[in-house]
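Peer 1: Chains as they are written, first to last, in the numbering used here: chain A, 1 to 427; chain B, 428 to 739; chain C, 740 to 935.
These are computed hints drawn from the structure, not numbers from a lab.
Take the hints with a grain of salt, since some may be wrong.
[As the list claims (entries may be wrong)] Computed Cβ-Cβ distance ranges for the label pairs, DEER-style:
(1) Tyr876(C) - Lys666(B): 29 to 39 angstroms
(2) Phe220(A) - Ile887(C): 29 to 39 angstroms
(3) Asp539(B) - Thr308(A): 17 to 27 angstroms
(4) Glu686(B) - Arg397(A): 54 to 64 angstroms
(5) Trp899(C) - Lys666(B): 33 to 43 angstroms
The structure displayed is predicted, hence computed values, not measured ones.
Just so it is clear, CB atoms sit at the ideal spot from N, CA and C, and this is done for glycine as well.
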Amino acid sequence: MIATLFLTFIILLILEAPVSFSLLISTVVSMFFFSDIDLFAIVVKMFRASSNFSLIAVPFFILAGGFMDSGGISRRLVTFASNIIGHIRGGLANASVMAAMFFAGLSGAAAADTAAVGSLLIPAMKRKGYGKDIATSVMATAGSIGIVIPPSIPMIILGVTASISIGGMFMGGIIPGILIGVSLMAVNIIYTKIRKIDPEPRASFREMLRSFADSFLALFTVVIIVGGITAGIFTATEASVIAALYAFIIGFFVYKELSFKDLPHVLVKSALTTGVVVLTIAAAASFGWVLAAEQIPSQIANFLVSLTDNRWILLILINILFLVLGTFLDPSAIIIIVVPIIWPVVQELGVHPIHFGVMAIVNMAVGQCTPPVGVALFVASGISGAKLSDMMGTYLRYLGAMVLVLLFVTFIPALSLWIPELTGYIK
Amino acid sequence: NGQGEDAGQKAMTLRVTNTLPLDHPMNMALQQFAKGVAERTAGQVKVELFPNSQLGGNEEMVEGVQLGTIDMCNQFAGAFANYVPEMEVLALAFLFQSEDHLYASLNGKAGDILAEALLKKGFVPLGYFYGGSRSLMNNVRPINRPSDLNGLKIRTIPTNITLEGINRMGAIATPMSQADVYSALEQGVLDGWENSPITLYTLKLYEVTDYVSWTRHFMTPDLFAISAKTWGKLSDDQKKIITEEAQKAVAYERSIWAENTQKAIDALKAEGVEFNDVADLDAFRKATSSLWNEYEDKYKNGLIDAVLSAAK
Amino acid sequence: MVSTYPQAYTTTLKEKNKEVPMSSGDNGPVLRIMGRVNHIILLIEKTSLIILMVGMLIFGFLQVFSRFILKAPIGWSEELLTYSFTWASFMGASMAIYTNSHFSVDLVTKHFSQKLLKTVRLVIWVLICLFAVFLLYMGTRLAIANHIQRMNILPISMFWAYLSMPISGAFILIHGVEKTTEVYLNIESEALEDLE
Ligand code: NA
Ligand code: NA
Numbered sequence: 001m002i003a004t005l006f007l008t009f010i011i012l013l014i015l016e017a018p019v020s021f022s023l024l025i026s027t028v029v030s031m032f033f034f035s036d037i038d039l040f041a042i043v044v045k046m047f048r049a050s051s052n053f054s055l056i057a058v059p060f061f062i063l064a065g066g067f068m069d070s071g072g073i074s075r076r077l078v079t080f081a082s083n084i085i086g087h088i089r090g091g092l093a094n095a096s097v098m099a100a101m102f103f104a105g106l107s108g109a110a111a112a113d114t115a116a117v118g119s120l121l122i123p124a125m126k127r128k129g130y131g132k133d134i135a136t137s138v139m140a141t142a143g144s145i146g147i148v149i150p151p152s153i154p155m156i157i158l159g160v161t162a163s164i165s166i167g168g169m170f171m172g173g174i175i176p177g178i179l180i181g182v183s184l185m186a187v188n189i190i191y192t193k194i195r196k197i198d199p200e201p202r203a204s205f206r207e208m209l210r211s212f213a214d215s216f217l218a219l220f221t222v223v224i225i226v227g228g229i230t231a232g233i234f235t236a237t238e239a240s241v242i243a244a245l246y247a248f249i250i251g252f253f254v255y256k257e258l259s260f261k262d263l264p265h266v267l268v269k270s271a272l273t274t275g276v277v278v279l280t281i282a283a284a285a286s287f288g289w290v291l292a293a294e295q296i297p298s299q300i301a302n303f304l305v306s307l308t309d310n311r312w313i314l315l316i317l318i319n320i321l322f323l324v325l326g327t328f329l330d331p332s333a334i335i336i337i338v339v340p341i342i343w344p345v346v347q348e349l350g351v352h353p354i355h356f357g358v359m360a361i362v363n364m365a366v367g368q369c370t371p372p373v374g375v376a377l378f379v380a381s382g383i384s385g386a387k388l389s390d391m392m393g394t395y396l397r398y399l400g401a402m403v404l405v406l407l408f409v410t411f412i413p414a415l416s417l418w419i420p421e422l423t424g425y426i427k
Numbered sequence: 428n429g430q431g432e433d434a435g436q437k438a439m440t441l442r443v444t445n446t447l448p449l450d451h452p453m454n455m456a457l458q459q460f461a462k463g464v465a466e467r468t469a470g471q472v473k474v475e476l477f478p479n480s481q482l483g484g485n486e487e488m489v490e491g492v493q494l495g496t497i498d499m500c501n502q503f504a505g506a507f508a509n510y511v512p513e514m515e516v517l518a519l520a521f522l523f524q525s526e527d528h529l530y531a532s533l534n535g536k537a538g539d540i541l542a543e544a545l546l547k548k549g550f551v552p553l554g555y556f557y558g559g560s561r562s563l564m565n566n567v568r569p570i571n572r573p574s575d576l577n578g579l580k581i582r583t584i585p586t587n588i589t590l591e592g593i594n595r596m597g598a599i600a601t602p603m604s605q606a607d608v609y610s611a612l613e614q615g616v617l618d619g620w621e622n623s624p625i626t627l628y629t630l631k632l633y634e635v636t637d638y639v640s641w642t643r644h645f646m647t648p649d650l651f652a653i654s655a656k657t658w659g660k661l662s663d664d665q666k667k668i669i670t671e672e673a674q675k676a677v678a679y680e681r682s683i684w685a686e687n688t689q690k691a692i693d694a695l696k697a698e699g700v701e702f703n704d705v706a707d708l709d710a711f712r713k714a715t716s717s718l719w720n721e722y723e724d725k726y727k728n729g730l731i732d733a734v735l736s737a738a739k
Numbered sequence: 740m741v742s743t744y745p746q747a748y749t750t751t752l753k754e755k756n757k758e759v760p761m762s763s764g765d766n767g768p769v770l771r772i773m774g775r776v777n778h779i780i781l782l783i784e785k786t787s788l789i790i791l792m793v794g795m796l797i798f799g800f801l802q803v804f805s806r807f808i809l810k811a812p813i814g815w816s817e818e819l820l821t822y823s824f825t826w827a828s829f830m831g832a833s834m835a836i837y838t839n840s841h842f843s844v845d846l847v848t849k850h851f852s853q854k855l856l857k858t859v860r861l862v863i864w865v866l867i868c869l870f871a872v873f874l875l876y877m878g879t880r881l882a883i884a885n886h887i888q889r890m891n892i893l894p895i896s897m898f899w900a901y902l903s904m905p906i907s908g909a910f911i912l913i914h915g916v917e918k919t920t921e922v923y924l925n926i927e928s929e930a931l932e933d934l935e
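Looking at chain A on its own, in the form it has when it is part of the complex:
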């Protein structure tokens, strides 16, 4: 069964079938021949995976970005940002990473983070000559910081599943999240040097002031989203709707650059990108469901933890398992299926719960970026229109930077334990 499932999947992928259909067709074929479960299960899982309220952040942040782009908000914000940081190497790309880190402090999902920041900054980066590959790579990887810096939905699921302090993991994720951001910015700087994307001349104080005044209402978008979430007016999911509405109102009524005939295109485009992302999530969920129902991931996990009782070797093995599963499974699926088997063994070897939890989440963050199934990658490439072959070389370097941080987090427990200790989560 498992051989048929993966072989069919990989062959279809290689032959350039869409990722979603590769997953679905291989699931149908292997279940038809090798399972006693009704094929109904595939369609039920597809439906349930796609009726998930927290996913509505994807179309609405993309929509907000579309309104901002057509409505003149993006142009003003980007002019203002260039005036402030344009003279520094890697300016706009680094600003994207910082914005993603900042938004990660508000949202708990990689898809929302990527959509919120990418819909605005991917077009901006393309315009400033960064190239599709850099723009997509930066946003796909930076958006995944959304689940590392608190709040984080996968951390909540992990906390509940493995009985690890959620607040403790939230605190523990801060340094690794910043480290991922810093490492991505380092890659940005190297790339801008190689590609000769040179810093712009420093803007005068008057220019800065003028662009600030010009973009004031646009900057207020950020105030509304941040203020609304922190004041408890709306959740981070609902913030996407408010952001889209605000961008529409400013672009349409105030700046008057958004015209009535732009609307259908912007609306359809956001739903189209969402359809692609969600069909793949739904397909991966069906694929994962069949694996789970046949207890395949748990058998692999059981086998793995029986291999060694050396703490560090086991952590490496677990990281490899997570990375492999992360290529095609969603974080929540990995957590609820595999972690309950692995965690008791890891705990016995003296690994601190928060250290394990943060390491797992950083790993899942990488998983959200790795092809074939990576939500952050889908959202970013959906916005930019980049194909994998357009960007693979560049993308591997950004992914490499993330994996490097993962190694640090694995082998230096203090990175995830220091802040929890300071804030009293570890006594």
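Please build the complex by placing chains B and C with the ligands on the supplied structure of chain A, with the hints as guidance.
Peer 2: Same frame as chain A, but now just chains B and C with the ligands:
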């Protein structure tokens, strides 16, 4: 892959799932159930447990059992109301006065009426686990009377009957998916929520919850059901074994529940959660009991009477 | 604006097709009807997506407004948004077949010869069509089986939510058949021009 040959006959694998962690009392009982069934059927029926929503969330597993893609699940009884609206009776605020009252109702006429309705929609009820009574939890103040709830946004399960119960108690009932609750409590989108101490403890929400007020407003059991599609594939002997083992599991779960509730309360107190008994519980009961009449008017099946008369 | 749609898939096909003689300009009545049907489906997809997105925007706002300003949250808005989202996703997914927007891994096929590429594309499109049939059939059975399930809060049968799957399956099939034919006859896809 989960199938084997035994004595020339094909062995059957039954998948049972719920949303709870493996060390939860209900899963301890299900592990015992699995062992009992395997032993007594000489391995012909193998029960595999999928805790932690491994096969999908609340609605999805009930749907799966109805369609036959999942064999068994145990789930908050109100969750079956989407198919069997009469099940709402088990989610009426303050209808059950004690655990004994609840068990007496389920073992008596009320239980029979519900069983009949469940069977019609493709669910074979095997028993009711005790899910604990649900109480109010919030971050503003201890709740003693309905007016203490004024203006408080309290998250509840998104079904009409639970939302209405919480509204009539005096709060602003706020439906929200469970995934958003932790952040919503932390950021103040919600003032509180309601559940059992064990759930408060296992979901780690005590990290963002200050007060638990012992209202015990919903005394909702978990229905343990098997799909009628699966049921039809079993022999009479196997059906008998499964029914008996399920009864044993239910009895076992109820016995360990009380002990675990006390453990959870102690642990929660150690985490700094403040517990209070509610001074005026009658005021809450009065505020919500009109719902019982509305239920009877809607379904006219005599369930309310059956439940109330089981109280003696 | 065409440029904002992911279009690499079609571009490769166009570039490869340069070496092959194109079929004659007259496509015959069958192709013309097929083209017209696809345009109608596309119009349905676009219209429903616009209605769904605007509706979700309005009800998403009302959800926040009713909870924070009116202090009387609408119980059913989250449910309505969730299933509207499901509909939008499945409509978007079928429209993405027409626009070639589905994400795929194109690292190996770019080394294929023109002839091999055509065969592979044909096989893939046929498989997609077969899956669409599966989705149509299973989705219909599922929608019917779910008519006895009601939503949590809204007094609506789950049939209406599940209906999104067979409809999406049917649309994918209609788009897929046209794509298959186009690949078979070496016809350039009109998809991109249609989006103007
Ligand atoms: Na976050
Ligand atoms: Na991945």
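Peer 1: Glu686(B) and Arg397(A), beta-carbon distance inside 54 to 64 angstroms?
Peer 2: Holds: the Cβ-Cβ distance is about 56 angstroms, inside 54 to 64 angstroms.
Peer 1: Given a hint of 29 to 39 angstroms, does the C-beta separation of Tyr876(C) and Lys666(B) actually sit inside it?
Peer 2: 32 angstroms, holds
Peer 1: Could you say whether the range 17 to 27 angstroms given as a hint is met by the Cβ separation of Asp539(B) and Thr308(A)?
Peer 2: 56 angstroms, violated
Peer 1: Please test the hint of 33 to 43 angstroms on the beta carbon pair from Trp899(C) and Lys666(B).
Peer 2: About 36 angstroms separates the Cβ atoms of Trp899(C) and Lys666(B), which means 33 to 43 angstroms holds.
Peer 1: Does the Cβ pair Phe220(A), Ile887(C) satisfy 29 to 39 angstroms?
Peer 2: Given range 29 to 39 angstroms: violated, Cβ gap about 49 angstroms.
When the structure is compared with the earlier hints, violations turn up for hints 2, 3 and for no others.
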